[in-house]
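Put chain B on the given structure of chain A with help from the hints.
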Amino acid sequence: MSFHIRDEMLSAYLDGEIEPARERTIDHHLNSCEECRARLNGMRGLVLELRRAPRLQPPPPLAHQVRQQVMEQAPAGVWESLRALLAGRPLHPAMHSVMAMGLALVLSVSLVRVEREQRLARTVPPATPTSTEEPVTDVQVLLGRVIYRQTTIQLGDIEFVLYDAQGRFVQEGLEGSEPETRVDSRSPEGRAVLTDRTYLGLVLDEGYSVVLSSKDGRTVEVAPPPLRGASSGWAGVHV
Amino acid sequence: MGVATISTAAVHEIALDREVIERHRCGDAQAFDEIYQRFAEMVYNLAYRLAGSSEEAADLTQEVFLRVFRHLGSFRGGSTLKTWIFRITINHCRDRLSRWRPLTQPIEDEMVGEVGWSLADPGRGPEELAVAADEGRRVADGLTRLPQPFREAVVLRDIEGLAYDEIAEILQVRVGTVRSRIARGREQLRILLERRV
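So the sequence lines, in the order shown, correspond to chains A and B.
Residue numbering for the first sequence follows my numbering, beginning at 1 and increasing consecutively.
Residue numbering for the second sequence follows my numbering, beginning at 240 and increasing consecutively.
Pulled out of the complex, with its shape left as it was, chain A reads as follows:
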């Protein structure tokens, strides 16, 4: 064969990124040129190897870090809107929903607390460990979002680890670890443990479930709250 196909053409041919007329010419040439066929096969092997390279998952804590940074940036708009509101200036339409979310959130937190107290009064079984005061200072409320900062939680004498199957709340050093057992929050055991911990809903976000697992094997999986389109953007755990 007196001529060969340039690398650039062969590469585009392999990718199907070439005009039909030129493609036919290359087809024809490849039928009779062993050298170009070998080059094409070599190129194909390389591309296959590249495509087989494993995809990686972002580290689970990254989502949490991104969210925190984003929240740190967001309040300026809220304060600006509050100032506008106080000054009697018209509010940007987008901020109405943010304000509504904030109000709904405050109401939600209050309701959950009241509900918790009522439940404690009437339903906590004697065997269920009672909790200490809620660590309210660990809860950050910004723009209608609540993030529960700690990754472990004490229920009576048992320390549970907050473990999110999707990777949002994982204790450092326990990434990727699977709880030994899981108890659905609808089960009697799950209900008993969660009865006095309704504020665990604060750690939940749309579509994510949280698993609490203790070192002695007790594990409770908290079902995701009801969500998409929820007016408050957040809802408590219903046990």
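Label-pair ranges, simulated between beta-carbon atoms: (1) A254/B with E19/A: 29 to 35 angstroms; (2) E23/A with S337/B: 37 to 43 angstroms; (3) Q276/B with G42/A: 36 to 42 angstroms.
For the record, the hints were derived by calculation from the structure and aren't laboratory data.
Computed from a prediction, not measured in an experiment: that's the story for all the values here.
Using N, Cα and C, we set each Cβ at its ideal position, and we do this for glycine too.
Coordinates of chain B only, in the frame set by chain A:
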């Protein structure tokens, strides 16, 4: 007269983009979360292939999403969200990596590390994962040795599976340039990998 065509998938993607951007503009805080969930893996893998280190890829991913958050309100929809985020990632990686270190450093030996969440495909068996990890290391190492323009083009085409016109839009170059960079990148990579066998 030529007829412009657009696939059903592309129409769906554009509709999805519009909906989530609109919600973000209206103050729906969940919208940005959804964008993160949709594109985090894509951004992280691209950053990893360009940087060659999972630690740097994590930093870059975080910074990219902050940029996305800052500028999402002014996104005009001239491209898909995916293309736009890819472009931000490429530009940010160029900017950061040129400051951090020379662009042709060898990759760290940690493709499948001590952490269980590294691989995106937990369905594969241990042997298969080990083989994939070996191949992955070899390929990732080779990619980091490519000159940056070739590396970007090869990664976008062969790892991310983008079409030439999408790559041209992301890199802001002509399709002919994309074709040339991919071909030259592949040829250089082939030589590099052969030397290391």
